[in-house]
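Each residue of the sequence shown is one higher than the last, beginning at 7 in the numbering used here.
Some hints here could point you the wrong way.
Claimed, not checked - Cut-off 20 Å, straight-line C-alpha distance, at most; resulting in silico cross-link-like pairs (PhoX-like, lysine-lysine): (1) LYS778 with LYS745; (2) LYS480 with LYS640; (3) LYS745 with LYS780; (4) LYS354 with LYS374; (5) LYS648 with LYS667; (6) LYS752 with LYS710; (7) LYS725 with LYS710; (8) LYS658 with LYS648; (9) LYS723 with LYS710; (10) LYS202 with LYS52; (11) LYS52 with LYS79.
Stated by the list, open to error - Pairwise CB distance ranges, derived in the manner of DEER restraints: (12) ALA196 with GLY254: 19 to 29 Å; (13) THR773 with ASN53: 45 to 55 Å; (14) LYS745 with ASP633: 39 to 49 Å; (15) ASN53 with GLN286: 38 to 48 Å; (16) PRO173 with THR16: 33 to 43 Å; (17) PRO624 with MET437: 43 to 53 Å.
These are computed hints drawn from the structure, not numbers from a lab.
As the structure is a prediction and not an experimental result, all values here were calculated from the model.
Just so it is clear, CB atoms sit at the ideal spot from N, CA and C, and this is done for glycine as well.
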Amino acid sequence: MVTEETHLNTHLEKEGYRVLETDLGEYIIQLINEAPSHIVAPAMHKNFEQIRDIILGADYPDKDNVNEQMLTKIVRERMREDYKRADAGITGVNFAAADTGTLCLVENEGNGRYSSTVPRIHIAVMGLEKTIASFRQLPDLLQALTVSATGQKISTYVNMISSPRRPGEADGPDEVHLVILDNGRSDMLADPDLMKTLLCIRCGACMNHCPVYKHIGGHAYGTTIPGPIGKILMPQLLGLETAGHLAGASSLCGACGEVCPVKIPIPDILIRLRAKALQQRSRRHPVSSRFSGEAAAWKIWAMLNSSPRLYRIFRRMLGYMQGLPLARFPIIKEWCSQFQSSFSDTEKPFSEFIAMTTRNEISEVLIKQDRVYFSAGGQMYSAIIPEGYDNIGDYLNNAKVRYRYEAKDQGGLFLIILSSWLPVLLIIGVMLFFSRQLQNGSKIMGFGKFKIRNAPKTQNKITFNDVAGIDDAKEELKEIVEFLKSPQKFNDIGARIPTGILLTGSPGTGKTLLAKAVAGESDAGFFSISGSDFVEMFVGVGASRVRDLFSQARQNSPCIIFIDEIDAVGRQRGSGLGGGNDEREQTLNQLLVEMDGFNKNTGIIILASTNRPDVLDPALLRPGRFDRQVYVNKPDINGREKILQIHSKEVKLDSDVDLRKLATGTVGFTGADLANLINEAALLAGRKKRETVTNADFEEARDKILMGTERKTFIMKEKEREATSYHEAGHALISVLSKFLDPIHKVTIIPRGRSLGVTMFFPEHDTHHMSKGKILETLEMLMGGTRSGGNHL
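Start from the sequences, fold in the hints, and give me the full structure.
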């Protein structure tokens with residue numbers, strides 16, 4: 007990047023030298039005279055077709071049949087011939103070890119030795135920050151560079167150069183020259199904060215995670231090094247006057263600083279550079295920069311967005327103001343007219359106005375005080391009426407031009423002053439309104455408040471009768487109901503009810519429904535939240551919401567707190583980025599404290615659900631917090647039949663519907679899947695204008711869920727349809743001859759979803775193990791379809 011920073015290629019070409027890049031990406035953009043769009047992949051903004059046209063040109067024969075391998079071979083052959091005749095090679099340097107004098111060059115293509123080894127003279131160019139103290143530091147730096155740049159553990163090509171070719175060596179240059187570039191780097195080293203910029207190893211990780219770079223691309227920066235590192239490096243190399251604006255092209259999301267392998271605090275340096283750029287502008291324009299409208303606008307904008315509560319209030323107030331008939335007030339009308347008049351009309355002499363009226367170029371005139379306003383040719387004009395000219399109305403009547411008078415302003419000097427100060431008064435009023443609203447909030451302007459999703463006790467009508475198919479889990483939870491109904495019975499004998507119960511199982515098995523049923527059976531309040539509801543971008547908000555949640559729960563005791571997907575907040579501590587104490591860990595710490603601080607008679611039970619209990623923090627699962635884990639299984643055939651009965655209560659079923667048979671054919675379905683099946687069948691019946699849901703509707707709904715929607719517009723050739731038929735017939739034939747496979751339910755070649763045909767099997771009963779014979783016959787069945795279908799293609 008140093009050669010691009012100094013535009014070395016351009017200068018050499020002006021001196022008459024032919025310059026060729028060895029890096030394929032650099033070679034591509036050199037051919038079209040473009041700047042790199044990425045540090046690691048300079049031509050990543052070009053697709054394969056564009057690159058092929060650049061390299062081969064428009065007249066290359068049979069160009070469309072050239073693939074990636076062929077194109078790479080063509081380029082390498084061209085390079086090989088050119089570099090055999092090269093007089094000198096210029097390379098960059100990734101690292102330079104001071105103790106051994108070794109230059110380290112890292113590449114990923116193998117072309118670098120065209121520059122460092124083949125020519126007689128090798129010139130290495132590097133910034134002074136590439137110097138490292140010891141050769142022993144190289145392994146760690148190489149690993150950090152390659153992992154962050156390409157995802158590899160180490161690059162395929164790492165070149166170590168310590169001297170020119172020695173006597174007896176087969177290759178290598180006769181001369182090796184090293185050029186060390188300063189170009190502002192010494193100034194960075196003098197600043198304790200900005201010197202961290204020089205730690206960059208040019209891996210490109212910050213670019214790969216920057217939302218601004220992803221949206222605008224590398225060329226939008228207009229400098230040699232794009233992306234977040236370019237935004238802090240180029241202003242220091244080129245000067246804040248030239249590139250200081252780059253520091254503002256950032257959302258300050260912090261992703262670049264988190265992924266940087268050498269931990270450069272890029273967001274902090276960006277803020278520092280923004281402040282320095284603003285100070286420079288202030289010194290050049292001290293008055294305008296301090297009192298400019300832009301500065302005031304940004305201060306107001308920052309105030310309105312300083313908290314979510316303030317932003318919501320401002321947006322709501324704007325909605326109210328839009329509906330007010332403000333234009334009827336004289337002050338507002340005067341202010342608007344003055345604002346409109348700030349875009350000054352072109353003033354013409356009154357004689358020109360008379361001449362234009364005579365030529366019929368004016369159709370309508372506004373007379374206001376001592377001026378006339380008129381338009382001609384799409385442009386607004388005005389003219390001053392001379393003193394003593396009182397017959398303007400008579401003149402316009404004779405010229406047959408429409409005109410109207412606007413009444414003179416009333417109110418005099420007071421109205422003028424008041425209208426001029428109206429914007430200031432409005433802003434003061436808005437700020438007073440905000441301050442009153444904020445006085446009613448608390449805890450980070452109310453942002454740390456927990457919002458109840460289900461109101462306690464009155465809104466929960468679900469009981470265990472609404473839950474079916476998971477009887478084992480229901481039995482585990484019935485003693486929780488007993489405790490919430492009569493806690494004294496347990497306290498008298500010294501029993502301690504579990505503080506928390508963790509429900510685990512696949513999605514859709516009914517974990518949330520179970521928690522609601524427990525609350526409904528015990529006539530308790532139900533607080534339903536998600537683990538992600540606790541965590542916000544503001545420090546301390548999550549912990550504040552935990553405290554507020556448990557405070558409300560104690561006020562509504564007895565009650566149940568249900569935390570869905572608790573793994574979002576309860577993951578094992580120390581697993582975050584950098585291993586630090588992040589906001590999520592603070593929230594988890596507060597949750598642990600609240601759970602362990604219950605008294606026996608508080609009447610609060612915590613239920614939580616997750617399908618990843620293995621990632622939860624051990625402190626969360628210890629006795630006294632989540633004492634018990636209940637696994638919610640998928641329902642068996644009897645459970646599925648009961649679930650179908652519950653969900654079909656409100657559905658008009660035809661007499662041919664057999665729920666037991668339907669339960670047999672839905673092995674592996676969860677409660678949510680079965681509810682969806684009934685709803686899909688009802689929708690199909692309604693679409694076909696039937697009064698009841700038939701067995702055919704359930705069959706079609708099940709096929710749609712399992713195999714996808716039927717593709718009626720999909721066109722297949724006769725040969726393809728025949729091959730599909732043989733393929734599915736092969737599956738069916740082998741299964742009929744098999745001993746252990748499930749019975750065939752349906753064979754179809756109607757395309758559904760991503761498949762051209764399907765052979766469906768329905769088990770006669772639930773199975774939990776697969777025998778060796780069934781495994782072998784399954785393989786035979788699969789190969790039978792492949793063999794029979796393949797022979798007819």
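Tested hints:
1. LYS778 with LYS745: holds (12 Å)
2. LYS480 with LYS640: Holds, at roughly 13 Å.
3. LYS745 with LYS780: holds (8 Å)
4. LYS354 with LYS374: Given that 20 Å is the threshold and the Cα spacing comes to 16 Å, the pair holds.
5. LYS648 with LYS667: holds (12 Å)
6. LYS752 with LYS710: Within the cut-off at roughly 13 Å; holds.
7. LYS725 with LYS710: Cα-Cα ~26 Å, so violated.
8. LYS658 with LYS648: holds (17 Å)
9. LYS723 with LYS710: With a Cα-Cα distance of about 24 Å, the restraint between LYS723 and LYS710 is violated, given a limit of 20 Å.
10. LYS202 with LYS52: At roughly 33 Å apart (the allowed maximum being 20 Å), LYS52 and LYS202 break the hint.
11. LYS52 with LYS79: Between LYS52 and LYS79 the Cα gap is close to 19 Å, so the pair holds against 20 Å.
12. ALA196 with GLY254: 19 to 29 Å: This hint holds: roughly 24 Å between Cβ atoms.
13. THR773 with ASN53: 45 to 55 Å: holds (50 Å)
14. LYS745 with ASP633: 39 to 49 Å: Given range 39 to 49 Å: holds, Cβ gap about 48 Å.
15. ASN53 with GLN286: 38 to 48 Å: holds (41 Å)
16. PRO173 with THR16: 33 to 43 Å: holds (38 Å)
17. PRO624 with MET437: 43 to 53 Å: holds (50 Å)
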